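Novice: Sequence:
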Amino acid sequence: MPTSEHELPLEMVRNRPQLVPTILRTVFGLDMPYAEPATLTSESYADLNPAELRCDATVLLDDPETPTHGVVVESQLRFKADKLYSWPAYLALLRNRRKCPVTLLVFCRDQAGARACGAPIDMGHPGWVLTPLTVHPGLLPPITDTEEARRLPELAILGAPAHANPDGPHTKAVLTSVKAALDEVHTQGGDNGRLYYDYLMTQLCESARKVLEGTMNIADYEWQSDFAKTHQAEGEARGEAMGEAKSVLLFLSARGIDVPDDIRERVTSCTDTEQLDRWVKRAAVINTAEDLFD
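Heads up: the sequence shown at position 232 corresponds to 234 in the working numbering, and the numbers run straight through without jumps.
Rather than coming from a laboratory, the hints here were simulated on the basis of the structure.
Do not take every clue at face value.
To be verified - Calculated cross-link-like contacts (lysine to aspartate or glutamate; reagent style DMTMM-like; alpha-carbon spacing at most 25 Å):
#	residue 1	residue 2
1	82	246
2	248	296
3	85	58
4	283	260
5	82	263
6	181	13
7	248	112
8	85	7
9	82	33
10	82	292
11	248	260
12	82	264
13	174	215
14	248	215
15	212	147
16	174	112
17	181	292
18	248	264
19	248	293
20	82	13
All of these numbers come straight from a predicted model, not from anything done at the bench.
Please model the complete structure; the sequences and the hints are all you need to start from.
Specialist: Right, here's the structure in full:
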């Protein structure tokens, strides 16, 4: 079931479809038209089984009746093997329906998720390989110009947590731009400003969060959106999992067992505390890191 964190980038795309070609242009260097419109369209590919083929969002560039390009947009918190089959199907069906070039853009939580979701998908036919375009906040450019932030506030807000860190060269300018982006969203009305502010409060580092709180004149802010309330609970669970993962690795290190990078990543990316607890117990008796998963 989709979570609130899964839904946030999709909500941004639904609110401002122009975010999609901007990311494809700035992050991946694709030749995307600057001129609007970018139009959100049908998210269901019901040519086959609609229960199996429903993507998160679809954006059409230029005239939605005769688009020059179509983009399938997905949000993935972690890699799922069934996407190796559904993603190519989404693209093929969209290309057949709209008679235009198509692209797959996948929003991911972090670098590890983007790397896993971006692995090439070999279709079997010679030369036919789909490589998903994956993006996480760290890949987005730092938005340091307030006018640019007002033009596309979602881009400034989504990437801010990756660039507004204590040692970052752009921290002050990024937070100033974020303030401008939030102001712009608030002027447009609706609940988006509340949702985006909550996202920043859960994702920014403590020092950046305090700066933003000061500029927004909100000292004792309480979570407003379902996203933040859910994410706060998810964050606590992830913190517990991170502690368990650290225990597994420390136990293996103390016993002189070498831990390859792929196993270290598998342990640190695990969020199942029951599984991590089992690994902690196994770490006391195994002879190699590979034995952890037997």
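Novice: Compare the structure with each hint and give your call.
Specialist: Checked hints:
1. 82 to 246: This hinted pair holds, its Cα atoms lying about 23 Å apart.
2. 248 to 296: At roughly 20 Å apart (the allowed maximum being 25 Å), residue 296 and residue 248 satisfy the hint.
3. 85 to 58: holds, 12 Å
4. 283 to 260: Given that 25 Å is the threshold and the Cα spacing comes to 17 Å, the pair holds.
5. 82 to 263: holds, 21 Å
6. 181 to 13: Between residue 181 and residue 13 the Cα gap is close to 20 Å, so the pair holds against 25 Å.
7. 248 to 112: holds, 19 Å
8. 85 to 7: holds, 19 Å
9. 82 to 33: violated, 29 Å
10. 82 to 292: holds, 22 Å
11. 248 to 260: holds, 15 Å
12. 82 to 264: holds, 18 Å
13. 174 to 215: Status holds; Cα separation ~14 Å.
14. 248 to 215: Distance of about 32 Å is beyond 25 Å: violated.
15. 212 to 147: holds, 21 Å
16. 174 to 112: holds, 23 Å
17. 181 to 292: violated, 48 Å
18. 248 to 264: With Cα atoms ~15 Å apart, residue 248 and residue 264 stay inside 25 Å; holds.
19. 248 to 293: holds, 18 Å
20. 82 to 13: Answer holds: residue 82 to residue 13 is near 21 Å, not above 25 Å.
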